[in-house]
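The chain contents come next:
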Amino acid sequence: MALLEVKDLYVNYNTDEGVVHALNGLNFSIEKGECIGLVGETGAGKTTLALSITQLLPKHVGEIVQGSIVYDGNDVLAMNKREIQAMRGEKVSMIFQDPMDSLNPTKTVGHQLLEVLNLHFKELSRKEKQEKVDQMFRLVGIPAERQNEYPFQFSGGMKQRIGIAMALISRPELLIADEPTTALDVTIQAQILDLMRRLRDEFHSSMILITHDLGIVVDVCTKVAVIYCGQVIEFGTIEDVYARRNNHPYTEGLFKCIPDLKSDAKRLTPIKGYMADPANLPKGCKFSNRCDYKSTRCECEEPEFYETGTHGIKCFRFEGQQEK
Amino acid sequence: MLKYIAKRILLIIPVIIGITLFIYLLLDFAPGDPVALLLGADATQEQMDALRHELGLDQNVFIRYLNYMKQVLQGDLGASWFNSRPIMDEFLERFPNTLALAFSALFITIVFGLSFGTLAAVNQNTPLDGITLIFALLFASMPSFWFGLMLQILFALKLQWFPAMGVGTIKHMVLPAITLSLGTIANQVRMTRSSILDVIDMNYVRTARSKGASEFHVVYHHVIRNALMPVVTNWGLTFATAFGGTIISETVFSIPGISSYLINAVKVRDVPVVMGTVIIVAIIVALINLVIDLIYAVIDPRVKLGYTS
Amino acid sequence: MKKKEKAKSQSQLGLILFRFKKNKLAYISVYVLILIALAILLAPLYMDYDKAIKQNISERFISPCWEHPFGTDLYGRDLLARVIYGGRISLFAGLAVILFSFIFGVIIGSISGYFGGWVDQILMRFIDIFMAVPTIFLAMAIVTALGATPVNLVIAFVICNIPSYSRIVRSSIMTLRNMEYVEAAKCCGTSNLRIILKHIIPNGIGPVIVTATISLGTAILSISSLGFLGLGIAPPTPEWGTLLADNRYYIRYYPYLGILPGVAIILTVMCVNFIGDGLRDALDPKMKK
Numbered sequence: 001m002a003l004l005e006v007k008d009l010y011v012n013y014n015t016d017e018g019v020v021h022a023l024n025g026l027n028f029s030i031e032k033g034e035c036i037g038l039v040g041e042t043g044a045g046k047t048t049l050a051l052s053i054t055q056l057l058p059k060h061v062g063e064i065v066q067g068s069i070v071y072d073g074n075d076v077l078a079m080n081k082r083e084i085q086a087m088r089g090e091k092v093s094m095i096f097q098d099p100m101d102s103l104n105p106t107k108t109v110g111h112q113l114l115e116v117l118n119l120h121f122k123e124l125s126r127k128e129k130q131e132k133v134d135q136m137f138r139l140v141g142i143p144a145e146r147q148n149e150y151p152f153q154f155s156g157g158m159k160q161r162i163g164i165a166m167a168l169i170s171r172p173e174l175l176i177a178d179e180p181t182t183a184l185d186v187t188i189q190a191q192i193l194d195l196m197r198r199l200r201d202e203f204h205s206s207m208i209l210i211t212h213d214l215g216i217v218v219d220v221c222t223k224v225a226v227i228y229c230g231q232v233i234e235f236g237t238i239e240d241v242y243a244r245r246n247n248h249p250y251t252e253g254l255f256k257c258i259p260d261l262k263s264d265a266k267r268l269t270p271i272k273g274y275m276a277d278p279a280n281l282p283k284g285c286k287f288s289n290r291c292d293y294k295s296t297r298c299e300c301e302e303p304e305f306y307e308t309g310t311h312g313i314k315c316f317r318f319e320g321q322q323e324k
Numbered sequence: 001m002l003k004y005i006a007k008r009i010l011l012i013i014p015v016i017i018g019i020t021l022f023i024y025l026l027l028d029f030a031p032g033d034p035v036a037l038l039l040g041a042d043a044t045q046e047q048m049d050a051l052r053h054e055l056g057l058d059q060n061v062f063i064r065y066l067n068y069m070k071q072v073l074q075g076d077l078g079a080s081w082f083n084s085r086p087i088m089d090e091f092l093e094r095f096p097n098t099l100a101l102a103f104s105a106l107f108i109t110i111v112f113g114l115s116f117g118t119l120a121a122v123n124q125n126t127p128l129d130g131i132t133l134i135f136a137l138l139f140a141s142m143p144s145f146w147f148g149l150m151l152q153i154l155f156a157l158k159l160q161w162f163p164a165m166g167v168g169t170i171k172h173m174v175l176p177a178i179t180l181s182l183g184t185i186a187n188q189v190r191m192t193r194s195s196i197l198d199v200i201d202m203n204y205v206r207t208a209r210s211k212g213a214s215e216f217h218v219v220y221h222h223v224i225r226n227a228l229m230p231v232v233t234n235w236g237l238t239f240a241t242a243f244g245g246t247i248i249s250e251t252v253f254s255i256p257g258i259s260s261y262l263i264n265a266v267k268v269r270d271v272p273v274v275m276g277t278v279i280i281v282a283i284i285v286a287l288i289n290l291v292i293d294l295i296y297a298v299i300d301p302r303v304k305l306g307y308t309s
Numbered sequence: 001m002k003k004k005e006k007a008k009s010q011s012q013l014g015l016i017l018f019r020f021k022k023n024k025l026a027y028i029s030v031y032v033l034i035l036i037a038l039a040i041l042l043a044p045l046y047m048d049y050d051k052a053i054k055q056n057i058s059e060r061f062i063s064p065c066w067e068h069p070f071g072t073d074l075y076g077r078d079l080l081a082r083v084i085y086g087g088r089i090s091l092f093a094g095l096a097v098i099l100f101s102f103i104f105g106v107i108i109g110s111i112s113g114y115f116g117g118w119v120d121q122i123l124m125r126f127i128d129i130f131m132a133v134p135t136i137f138l139a140m141a142i143v144t145a146l147g148a149t150p151v152n153l154v155i156a157f158v159i160c161n162i163p164s165y166s167r168i169v170r171s172s173i174m175t176l177r178n179m180e181y182v183e184a185a186k187c188c189g190t191s192n193l194r195i196i197l198k199h200i201i202p203n204g205i206g207p208v209i210v211t212a213t214i215s216l217g218t219a220i221l222s223i224s225s226l227g228f229l230g231l232g233i234a235p236p237t238p239e240w241g242t243l244l245a246d247n248r249y250y251i252r253y254y255p256y257l258g259i260l261p262g263v264a265i266i267l268t269v270m271c272v273n274f275i276g277d278g279l280r281d282a283l284d285p286k287m288k289k
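Chains as they are written, first to last, in the numbering used here: chain A, 1 to 324; chain B, 1 to 309; chain C, 1 to 289.
A hint or two may mislead.
Claimed, not checked - With a straight-line Cα cutoff of 27 Å, these simulated DSSO-like cross-link-like pairs (lysine-lysine) come out:
1. C:Lys54 <-> A:Lys59
2. A:Lys294 <-> A:Lys256
3. A:Lys59 <-> C:Lys51
4. A:Lys223 <-> A:Lys91
5. B:Lys171 <-> B:Lys158
6. A:Lys107 <-> B:Lys3
7. A:Lys91 <-> A:Lys7
8. A:Lys122 <-> A:Lys107
9. A:Lys81 <-> A:Lys91
10. C:Lys198 <-> A:Lys59
11. A:Lys283 <-> A:Lys262
FYI, nobody ran anything at the bench for these hints, they're computed from the structure. The model shown is predicted, which means the values in this text are computed figures rather than measured ones.
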């Protein structure tokens with residue numbers, strides 16, 4: 001059984017200017033111990049998915065319209081407040097994008113780590129908790145003495161280490177990292193990714209790594225899901241997707257945007273056009289307005305998810321190719 | 001920290017010199033002869049000259065100001081031109097009333113402002129939020145003298161729950177303090193609300209939620225303290241407004257305080273009394289602002305650790 | 001991130017107006033306030049000033065009736081006429097106070113915030129001086145010194161308001177001054193005055209306008225407070241504060257004397273406050289989701 005299964009999820013944002021369709025029938029699942037990269041451009045719905053799983057969508061604005069989220073056999077959408085709170089932080093933790101403002105500026109970082117233990121491990125003694133905190137600081141490479149300092153006394157990379165420590169201190173079953181390195185320097189990025197990989201192996205957590213960078217996914221993950229307009233349009237193992245034999249036209253476009261030192265290409269080929277307006281989505285395939293292979297059918301009918309072994313693509317081009 | 005406090009206290013001095021000089025010149029510049037006002041219409045020229053000399057009014061205004069300030073520095077605020085009573089004596093009698101009034105208003109404002117502001121923010125866009133905001137606006141739109149009169153008539157004269165005027169017991173303070181807090185409470189509610197809404201959208205609050213904290217825990221531990229910072233800075237202004245507002249409360253409820261002393265002095269242009277009041281009030285307001293800055297430093301670690309001034 | 005502004009084709013001003021109109025209370029308040037202002041402004045056309053001034057002891061304390069909708073006061077003057085004519089001073093003095101405070105505040109605040117350094121230091125020390133005592137004390141002193149006329153009342157409150165306006169303008173300019181588009185303009189060799197007029201004021205004016213609107217309510221209340229204390233407009237000229245003070249000892253016997261003028265003041269000030277509130281939300285959409 002999958003650790004987390006998201007089925008046919010629709011999420012809307014109700015804003016003053018109209019309804020924005022952020023997720024449109026998204027399907028996604030992750031097994032125990034897996035690490036899946038969630039790739040897509042800004043506005044594709046990656047963060048919305050992460051927030052939906054932990055029920056942290058902005059109040060009164062974000063609304064789950066349809067679909068189901070099942071975590072470890074339990075329906076997350078049917079959980080009451082207390083059950084969700086018990087799940088958050090203990091079983092499912094999150095690392096956020098911007099380390100600059102993801103930590104409370106008026107509390108010491110040590111206190112913020114300790115808080116997780118105070119919330120979920122009340123049975124531990126004070127000393128045990130403190131030991132765990134010290135150990136966590138060491139694991140992420142920050143001297144334990146510095147835990148009495150405030151977030152503004154740390155650099156961005158260090159804050160993100162603290163964020164990681166905070167997310168992992170409860171040894172969660174599932175870690176959702178929402179663009180954990182986007183706001184950091186490239187050199188720091190590598191360190192943080194390395195740290196995450198190491199800790200994931202050590203803690204045996206499953207992980208969803210959200211990013212817009214295909215390069216990061218191949219470094220850390222075993223599987224990859226490509227999201228476009230609030231739908232998973234391609235899903236497979238790293239080998240399936242990165243072999244570049246069969247790809248969704250959008251994924252193909254993404255690969256063409258990555259500079260390759262070995263090839264002779266003079267210039268990159270960006271995907272033409274912009275992502276469809278999520279307040280006003282096209283009827284058929286959401287990518288049809290930018291697709292080089294589109295036919296009239298793409299514009300009026302939505303393709304299904306065609307699977308070949310572990311590899312699935314949501315495009316008519318792969319209809320009938322799947323093995324039964 | 002001590003150095004900071006000392007610096008702040010030193011900064012009060014030029015401000016006090018500035019405001020006293022301004023008021024002194026202003027009163028001197030005002031049309032009408034205070035001596036004629038003091039002696040009445042049937043005074044002779046000699047009498048007027050004599051009194052003018054006695055009060056030192058025949059000297060240049062700047063010299064008079066310097067003499068006056070010299071005297072103040074020695075701790076002597078002089079005597080009223082009208083009844084010749086030493087101003088200090090009068091102050092010592094009246095001051096506790098005004099201070100008690102201003103502080104109880106500040107207290108009411110903070111307690112109600114913070115709780116209703118938080119309540120409204122946490123329940124943003126619900127009817128509760130809307131009603132709180134409309135009531136805050138309604139209260140902010142009431143003239144406090146009118147509100148005081150209505151309270152007095154309803155609760156003192158008609159229902160007789162509280163005394164209608166004067167001082168003495170805690171009960172005497174209730175209506176005047178409520179009247180006084182009217183002007184500041186609405187602002188406090190609105191500031192608290194918007195400040196909390198600012199903070200509640202912050203990413204670190206989402207982080208706290210993602211840790212599995214309950215809504216109460218999130219608001220209590222992560223939102224309120226951060227949201228308090230701009231609100232606390234505003235307390236200085238709130239206190240000054242409340243202090244100014246005592247003038248209405250004291251008038252409506254006939255409380256013998258500093259403000260009612262000032263208002264009579266202003267009407268008859270009793271210069272030493274006006275000056276004395278201004279000096280004392282300016283010092284009090286400055287000290288309160290200093291205290292509030294210190295509270296702020298306790299809340300904000302950046303200030304406490306000396307990272308910013 | 002996923003938010004999309006449908007009204008993106010509209011101008012900034014159009015967008016603000018669009019949001020303002022969505023706030024029903026604020027929108028209605030605009031019309032009510034216009035109505036009140038017209039009633040006050042056009043008073044001489046339909047109501048004799050004499051009714052507000054002339055004492056008529058035989059008609060004192062008449063309860064509200066068809067002929068005297070608000071009743072009459074202790075000198076037999078028509079209360080409605082006094083409230084309407086009183087509004088002329090309160091409302092228009094209030095508007096004048098806001099207008100002049102706004103002008104001076106923007107000038108001083110812009111200079112102080114944009115140039116910084118010693119200019120800022122000197123101006124701010126002056127501002128500190130005027131903020132040292134509660135505004136009503138300062139206003140009292142100034143009004144007594146200058147004499148209680150409507151013009152002097154306005155001068156007094158303008159002096160009292162300039163400090164807070166200047167501070168708001170200053171702080172918003174200090175933030176804007178370091179914005180990259182200002183740097184960009186400087187790099188292009190744009191003159192200081194042009195930068196202030198074209199780049200800084202249009203971007204920083206929002207909070208100042210909101211403050212101005214909200215402080216119009218405060219100004220109306222403060223002016224009538226001084227009247228109530230007997231330091232405002234000299235009698236028999238009607239003014240909202242004085243007319244309540246005149247009748248204060250009779251209100252307990254004739255409640256209409258207090259309630260009706262009170263409601264008139266509250267209605268006016270509340271409209272102003274609702275408008276200010278609506279403007280604030282329209283200019284800062286973040287606050288309302």
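Verification of the hints:
| no. | hint | result |
| --- | --- | --- |
| 1 | C:Lys54 <-> A:Lys59 | violated (61 Å) |
| 2 | A:Lys294 <-> A:Lys256 | holds (18 Å) |
| 3 | A:Lys59 <-> C:Lys51 | violated (57 Å) |
| 4 | A:Lys223 <-> A:Lys91 | holds (21 Å) |
| 5 | B:Lys171 <-> B:Lys158 | holds (16 Å) |
| 6 | A:Lys107 <-> B:Lys3 | holds (26 Å) |
| 7 | A:Lys91 <-> A:Lys7 | holds (20 Å) |
| 8 | A:Lys122 <-> A:Lys107 | holds (20 Å) |
| 9 | A:Lys81 <-> A:Lys91 | holds (15 Å) |
| 10 | C:Lys198 <-> A:Lys59 | violated (39 Å) |
| 11 | A:Lys283 <-> A:Lys262 | violated (40 Å) |
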